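Number of protein chains: 4
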Amino acid sequence: MSTGGGYGDADKRQKILDSAFAVFTKKGYQQTKVDEVAQLAGIGKGTVYLYFPSKEELLREMLKAMIKKNLSELKKRMSEEEHPLAKLKVMYATHASLLQENPSLAQLHIHDFAFVNEAFRAWLEQEKADFMAYIARIVEAGIKTEEFRPVNPNLAAALIISCLSVFLPPYGSDTFSVDDVLDILHYGLCQSLPPRP
Amino acid sequence: MSTGGGYGDADKRQKILDSAFAVFTKKGYQQTKVDEVAQLAGIGKGTVYLYFPSKEELLREMLKAMIKKNLSELKKRMSEEEHPLAKLKVMYATHASLLQENPSLAQLHIHDFAFVNEAFRAWLEQEKADFMAYIARIVEAGIKTEEFRPVNPNLAAALIISCLSVFLPPYGSDTFSVDDVLDILHYGLCQSLPPRP
Amino acid sequence: MSTGGGYGDADKRQKILDSAFAVFTKKGYQQTKVDEVAQLAGIGKGTVYLYFPSKEELLREMLKAMIKKNLSELKKRMSEEEHPLAKLKVMYATHASLLQENPSLAQLHIHDFAFVNEAFRAWLEQEKADFMAYIARIVEAGIKTEEFRPVNPNLAAALIISCLSVFLPPYGSDTFSVDDVLDILHYGLCQSLPPRP
Amino acid sequence: MSTGGGYGDADKRQKILDSAFAVFTKKGYQQTKVDEVAQLAGIGKGTVYLYFPSKEELLREMLKAMIKKNLSELKKRMSEEEHPLAKLKVMYATHASLLQENPSLAQLHIHDFAFVNEAFRAWLEQEKADFMAYIARIVEAGIKTEEFRPVNPNLAAALIISCLSVFLPPYGSDTFSVDDVLDILHYGLCQSLPPRP
DNA sequence: CATGAATGAGTATTCATTCAT
DNA sequence: CATGAATGAATACTCATTCAT
Numbered sequence: 545m546s547t548g549g550g551y552g553d554a555d556k557r558q559k560i561l562d563s564a565f566a567v568f569t570k571k572g573y574q575q576t577k578v579d580e581v582a583q584l585a586g587i588g589k590g591t592v593y594l595y596f597p598s599k600e601e602l603l604r605e606m607l608k609a610m611i612k613k614n615l616s617e618l619k620k621r622m623s624e625e626e627h628p629l630a631k632l633k634v635m636y637a638t639h640a641s642l643l644q645e646n647p648s649l650a651q652l653h654i655h656d657f658a659f660v661n662e663a664f665r666a667w668l669e670q671e672k673a674d675f676m677a678y679i680a681r682i683v684e685a686g687i688k689t690e691e692f693r694p695v696n697p698n699l700a701a702a703l704i705i706s707c708l709s710v711f712l713p714p715y716g717s718d719t720f721s722v723d724d725v726l727d728i729l730h731y732g733l734c735q736s737l738p739p740r741p
Numbered sequence: 545m546s547t548g549g550g551y552g553d554a555d556k557r558q559k560i561l562d563s564a565f566a567v568f569t570k571k572g573y574q575q576t577k578v579d580e581v582a583q584l585a586g587i588g589k590g591t592v593y594l595y596f597p598s599k600e601e602l603l604r605e606m607l608k609a610m611i612k613k614n615l616s617e618l619k620k621r622m623s624e625e626e627h628p629l630a631k632l633k634v635m636y637a638t639h640a641s642l643l644q645e646n647p648s649l650a651q652l653h654i655h656d657f658a659f660v661n662e663a664f665r666a667w668l669e670q671e672k673a674d675f676m677a678y679i680a681r682i683v684e685a686g687i688k689t690e691e692f693r694p695v696n697p698n699l700a701a702a703l704i705i706s707c708l709s710v711f712l713p714p715y716g717s718d719t720f721s722v723d724d725v726l727d728i729l730h731y732g733l734c735q736s737l738p739p740r741p
Numbered sequence: 545m546s547t548g549g550g551y552g553d554a555d556k557r558q559k560i561l562d563s564a565f566a567v568f569t570k571k572g573y574q575q576t577k578v579d580e581v582a583q584l585a586g587i588g589k590g591t592v593y594l595y596f597p598s599k600e601e602l603l604r605e606m607l608k609a610m611i612k613k614n615l616s617e618l619k620k621r622m623s624e625e626e627h628p629l630a631k632l633k634v635m636y637a638t639h640a641s642l643l644q645e646n647p648s649l650a651q652l653h654i655h656d657f658a659f660v661n662e663a664f665r666a667w668l669e670q671e672k673a674d675f676m677a678y679i680a681r682i683v684e685a686g687i688k689t690e691e692f693r694p695v696n697p698n699l700a701a702a703l704i705i706s707c708l709s710v711f712l713p714p715y716g717s718d719t720f721s722v723d724d725v726l727d728i729l730h731y732g733l734c735q736s737l738p739p740r741p
Numbered sequence: 545m546s547t548g549g550g551y552g553d554a555d556k557r558q559k560i561l562d563s564a565f566a567v568f569t570k571k572g573y574q575q576t577k578v579d580e581v582a583q584l585a586g587i588g589k590g591t592v593y594l595y596f597p598s599k600e601e602l603l604r605e606m607l608k609a610m611i612k613k614n615l616s617e618l619k620k621r622m623s624e625e626e627h628p629l630a631k632l633k634v635m636y637a638t639h640a641s642l643l644q645e646n647p648s649l650a651q652l653h654i655h656d657f658a659f660v661n662e663a664f665r666a667w668l669e670q671e672k673a674d675f676m677a678y679i680a681r682i683v684e685a686g687i688k689t690e691e692f693r694p695v696n697p698n699l700a701a702a703l704i705i706s707c708l709s710v711f712l713p714p715y716g717s718d719t720f721s722v723d724d725v726l727d728i729l730h731y732g733l734c735q736s737l738p739p740r741p
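Protein chains in written order, with my numbering: chain A, 545 to 741; chain B, 545 to 741; chain C, 545 to 741; chain D, 545 to 741.
It is worth saying that the hints were derived from the structure and are not from the lab.
These numbers come from a predicted model, not from an experiment.
Do not rely on the hints blindly, as some may be mistaken.
Since the list can't tell identical chains apart, any single copy or any two copies may satisfy a pair.
[What the hints assert, rightly or not] Listed next, the in silico DMTMM-like pairs over lysine to aspartate or glutamate satisfying Cα-Cα at most 25 Å (straight line):
no., residue 1, residue 2
1, Lys571, Glu605
2, Lys633, Glu580
3, Lys599, Glu690
4, Lys612, Glu625
5, Lys556, Asp579
6, Lys577, Asp727
7, Lys556, Glu626
8, Lys577, Glu626
9, Lys672, Glu625
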């Protein structure tokens with residue numbers, strides 16, 4: 545039966561991760577008590593330790609899960625578009641809508657969680673680097689089709705990713721429209737044409 | 545007398561703030577021990593409490609001092625330029641050079657420090673809002689002189705500020721040049737001209 | 545199971561109260577370390593805080609428990625007597641024997657414990673007032689049966705209670721006999737008869 | 545000159561003792577800060593240590609001074625009376641009036657101050673013993689003149705001293721009259737005559 | 001498997017005392 | 001003599017983790 549063996553486990557583990565996300569994003573690491581996570585998950589405190597060896601590891605697993613899930617959603621929707629410009633647009637739109645659907649996500653950016661250990665930091669930087677490379681490849685494709693100017697693809701990727709933060713507090717996700725952001729990103733601030741070297 | 549007369553107090557307070565900056569940025573709030581700050585300042589632990597009522601308040605005062613100092617330096621240099629484009633350029637250049645001179649500054653962006661109280665959070669958002677308004681006014685000036693396209697000045701300001709983060713880890717301040725960043729910010733990613741509505 | 549089932553909690557709480565009584569009466573509040581109370585109770589320091597929210601509250605609870613227990617013992621034995629004189633006699637005898645059985649009780653009168661909060665002070669004064677009223681009613685009964693002279697019952701009660709202190713240090717409970725004390729209390733110091741107004 | 549040498553010292557020492565009395569009786573030992581005593585005396589904190597080697601010693605000196613002063617006043621007035629009954633009456637009257645003039649005195653009885661060291665405790669018990677002996681001699685004199693019954697003079701003295709506490713809180717010094725107290729002390733509670741052995 | 005009672009390491013803060021001025 | 005800035009010892013309390021049931 546589906547309720548018999550390993551299923552219950554995965555369900556409970558997921559329930560713990562969900563509670564952990566809720567509490568960690570609301571209170572930050574130090575203010576989060578394992579008790580509270582357990583209670584929110586409707587289980588005993590000791591049970592948390594059957595699934596995660598420590599509070600730190602629980603945080604790391606939760607962060608990994610959230611980041612993976614969101615990046616994967618982002619990439620999935622982007623992959624459904626072919627055109628570089630369309631990919632960027634769907635990325636921004638997806639990012640904005642994910643934040644709007646789940647405002648707690650914004651806390652992941654605000655709370656540090658930086659004390660997580662070196663291994664996690666490395667994993668996180670790798671994920672960022674991978675994602676930046678992914679965006680850089682899109683930029684390169686755009687440059688190749690001459691839609692984009694011959695900019696440094698890595699820098700462009702870094703800027704594209706940085707600009708996602710305009711949808712985070714304190715600006716708020718309601719303030720700016722995706723199209724307006726893309727307008728500036730695509731055509732720049734200046735009236736004039738770029739200098740010809 | 546030592547150096548001036550009555551200066552001792554302010555000197556010692558500043559010395560404590562400096563030590564606090566060094567230790568807080570290196571270790572984060574929880575891992576920072578008041579003892580360590582005191583030792584680095586070359587004073588006794590109790591002395592810290594003659595100048596600051598608590599470890600939390602010490603952090604807040606240190607953050608305020610650093611933010612004020614850096615924003616003030618930024619604005620001072622920007623005010624020496626008249627042209628909007630020149631102002632932005634000097635802002636990016638100053639930001640990059642401040643980070644290069646003092647890499648610990650980058651930690652201010654990374655560490656959590658989220659427990660800072662509501663009063664501090666309010667102060668910080670006000671500072672951010674003020675700075676964004678300051679940038680927005682520069683953009684407006686650029687629009688008026690028709691150097692800039694008629695974009696939303698607040699959005700432009702938010703993007704300009706967001707893009708400063710490309711000089712922070714994990715990208716690193718060595719990776720990208722100020723001119724390259726400004727090139728993309730000014731002329732956008734696209735080869736084509738913006739759509740005419 | 546240990547002894548009963550669910551009794552463990554109350555047992556441990558009582559064990560902590562007993563240890564607290566021993567240490568607080570021996571050392572006073574400030575010199576008492578929570579660690580020491582815990583060790584004497586044979587438990588960990590943290591466990592004390594599962595039963596009492598603070599060291600102060602532990603003291604208050606201990607004091608309340610001791611006072612209640614002793615007053616209750618006093619009243620119980622007094623209620624078994626009918627005659628006012630017999631009641632007073634059993635009160636003095638019980639008081640003296642309680643102090644002899646447990647000399648630490650005397651410390652409750654000697655130690656400061658002054659920081660006890662307003663709520664406790666109010667409770668304590670109420671207990672004292674209740675007990676004084678109880679004694680005053682006994683005096684009134686004695687006056688009605690004309691065993692006692694028509695004295696102010698409240699004053700008589702206050703004096704009767706005050707005189708209990710001759711069994712406390714530094715006089716010591718061995719020095720004076722209950723009968724001798726009662727003799728003076730009943731018939732006064734004077735040879736002559738009281739003045740007739 | 546009178547202001548030159550030792551006079552200023554004695555004045556300041558006394559001023560410190562007065563402040564110490566005020567603060568210690570109001571707050572108890574632990575809650576009293578040396579700073580506060582110094583400020584009330586209008587001097588610097590360090591100056592206290594020119595006159596008293598420690599906070600504890602300051603408390604002891606203050607207590608000694610107050611006790612000596614009050615006992616001496618008591619004895620002085622009692623010595624002006626010849627008759628045992630008159631001596632007791634003036635003792636009670638003086639005690640009640642001293643408490644009324646300076647309610648803080650009552651705190652000396654309420655606050656423990658028992659942690660003061662062994663030497664002080666010994667001194668205090670000696671003073672008490674001396675005073676009890678003094679009262680006992682008065683009782684003996686009364687017995688000799690057959691005004692008093694042949695009671696144990698030490699017990700009588702202990703009871704006489706114990707009964708002084710009816711003028712202390714929580715009973716309050718306004719509640720009971722000296723004459724009423726003496727009436728009970730002299731003629732006892734009972735209507736009947738004491739048993740003849 | 002699940003629980004939650006028990007544990008004890010770890011740290012900010014106070015304030016009596018000192019001593020350079 | 002007088003001061004008060006500086007010191008640092010001393011301690012209650014929290015909460016992640018364990019393990020007997």
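These are the hints, each one checked on the structure:
{"no.": "1", "hint": "Lys571 <-> Glu605", "result": "both (17 Å within a copy, 22 Å between copies)"}
{"no.": "2", "hint": "Lys633 <-> Glu580", "result": "neither (39 Å within a copy, 49 Å between copies)"}
{"no.": "3", "hint": "Lys599 <-> Glu690", "result": "neither (50 Å within a copy, 56 Å between copies)"}
{"no.": "4", "hint": "Lys612 <-> Glu625", "result": "within (20 Å within a copy, 45 Å between copies)"}
{"no.": "5", "hint": "Lys556 <-> Asp579", "result": "both (16 Å within a copy, 23 Å between copies)"}
{"no.": "6", "hint": "Lys577 <-> Asp727", "result": "neither (44 Å within a copy, 48 Å between copies)"}
{"no.": "7", "hint": "Lys556 <-> Glu626", "result": "neither (39 Å within a copy, 61 Å between copies)"}
{"no.": "8", "hint": "Lys577 <-> Glu626", "result": "neither (46 Å within a copy, 53 Å between copies)"}
{"no.": "9", "hint": "Lys672 <-> Glu625", "result": "within (21 Å within a copy, 36 Å between copies)"}
Consistency note: the structure conflicts with the earlier hints numbered 2, 3, 6, 7, 8.
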